[in-house]
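*Asks:* If you want the building blocks of each chain, they are given just below.
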Amino acid sequence: MKKTPVNSLTADAVIYSAEALRLAAFVFSDKAETVIKPGKGCFLVSFRNEAPGFHPGDYFNEALNQQCRLDLAKKNSKAAGMIATKALLSAAGEAGRKA
Amino acid sequence: MALKKAAKRTEPSGPPQLLWRREGAECLVTNDFGHYAWLKRKDFDLLLAGKLGEKHPAYAALADKGFIRDRLDFDGLTAKWRSKNAYLNTGPGLHILVLTLRCNHKCLYCQSSAAGMGSRDADMSPATAKKCVDFAFQSPNPGITIEFQGGEPLLNWEALKAAVLHARAKAKKAGKDLRLALVSNFSLMTEEKAQFLMEHEVSICTSLDGPADLHNRNRVFCGGNSYAATVKWLKFFQARHAHQVPEYRVFKPSALLTVSRYSLGRHKEIIDEYVKAGLEDIFIRPLAPIGFAKNLWGQIGYDAKAFGKFYLDSLDYILKLNRSGVKLREKMASMMLDKIVNSRDPGYLDARCPCGAAIGQVAYNYNGDLYTCDEGRMVGWEGDDAFKIGNVRRDPYRKVMTSGAARACVLSSNLESQPDCARCAYKPYCGVCPVYNYETQGSLWGDMAVNDRCGLFKGTFGALFAMLKKPANEAILRNWVAK
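These protein sequence lines are chains A and B, in that order.
Under the working numbering, the first residue of the first sequence is numbered 1, with each subsequent residue one higher.
Under the working numbering, the first residue of the second sequence is numbered 1, with each subsequent residue one higher.
No lab work stands behind these hints, which were simulated from the structure alone.
It cannot be assumed that every hint is accurate.
[Unchecked claim] Computed cross-link-like contacts, DMTMM-like style, restricted to lysine to aspartate or glutamate with a CA-CA straight-line distance of at most 25 Å:
#: 1; chain 1: A; residue 1: Lys74; chain 2: B; residue 2: Asp32
#: 2; chain 1: B; residue 1: Lys131; chain 2: B; residue 2: Asp395
#: 3; chain 1: B; residue 1: Lys173; chain 2: B; residue 2: Asp213
#: 4; chain 1: A; residue 1: Lys86; chain 2: B; residue 2: Asp43
#: 5; chain 1: B; residue 1: Lys458; chain 2: A; residue 2: Asp58
#: 6; chain 1: B; residue 1: Lys427; chain 2: A; residue 2: Asp71
#: 7; chain 1: B; residue 1: Lys309; chain 2: B; residue 2: Glu269
Predicted, not measured: the structure shown is a model, and the values here were computed from it.
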């Protein structure tokens, strides 16, 4: 069966990275199939087999959320990584030991 | 060049890392050490510009709290951070044993995803219960709390008894501080069982949703009157607590309140019921759209705003009662206040960074399956094992603690990695829940801008900080966490 894109939207590549768009697509995988194609300075995003109630705006909110998280990781990943590692190693009973 | 650098150093320096939030004409500023201060807008601007001079009336207090770059007491602040986040060094302390999925109640909101009384293969065997205890004692945490839950745990008395005896013996040998707790609806409690529980110092917790009509509407019990059984046994344990014996400690019983849509607007009656039952704590817990409650959300659920109003009305009423001499505290507020006022970790696993999933608690299902937390187990009950971290018979402790689900929960609940949280003024006291995010927003990370739980926590923190500004309230609230 030929699937016809229902909606096709443009995401500015200055704001959205491909990774953020892909992560958002994964979050919405139970609501729509998301197709992401690179364009000139942008990404073309279209949706197929949308579930009732799905709204592309929700997808782009999530994409922005993911992008903010990726941007934050560039600044905070060292502190965040130290906290997470400490918590996990302590829980595993390995704190203080060399990995 | 060198001169230029030296000149730069004499310029006013901005504050060290701080978090802030505008509230009317003032700003609330906080930092990672757990300190907070209220500043007028113009003083806040001076602080940001590094122009708040030593003669300013707020200077000394801000310097003590680590808000002035040139006056940082690194040793003191580091010690404070370390003590506030001590849980990062300890591993799981809370171990929830789901002794059976069966339950004789059919509560409207049942979050424990209980099975019917006739369900087969829904009980934990005594052998598995002992295995779970052994597993719990592998945690490096010097304090172990084992909580017996269900379903209704009294339906599987043999496993409960076996686990209690085994845990007590194990704690003696291991030299660990062991706490045992039972969460029961009391409908199957007998004097014989109560005696065993008291003799082995098992603390008792039940559910009390308010006056009889409300309690019984939420907590449907075909075999009798749920409210009557709850109140009867609360009185029994209260009386035993009041008349201690030298051989063992009898703990004061406690109760949990789950707020359904039917509870909204009835805060006074509910709180009065707690006072009448002689309880000194009330834990006002919102419903979460997890497990059974998710399917009935349209009937019994509500939004953060509705719960926020209920919660604030309740706090106001409790403070009013406190002023007239009644001893009662709200548990969630107490735990948050402990963080805000004392920079202490009250052990509230839902509001930690990272959250308590696996690194602070483990949920043991009836069949020995291990989950990051009880909420994660409920998701498993729906057929999605995203939060399963192993099996008590099959997987070694270290493998469980470093499993994919454990790591994913730690990473996704780290507020330093959450866009809204990383700069939120309430970050030093807050925490996110990956299970809630997964169930309501489709990912472990969630999106805090539109997350109801986040809205709820923000509302609670906002109310507590506002109350702390009023001296009369502040004295009462500080007294809640004075121990």
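*Asks:* If you test the structure against every hint from before, which numbers come out violated?
*Replies:* Violated hints: 3, 4; rest satisfied.
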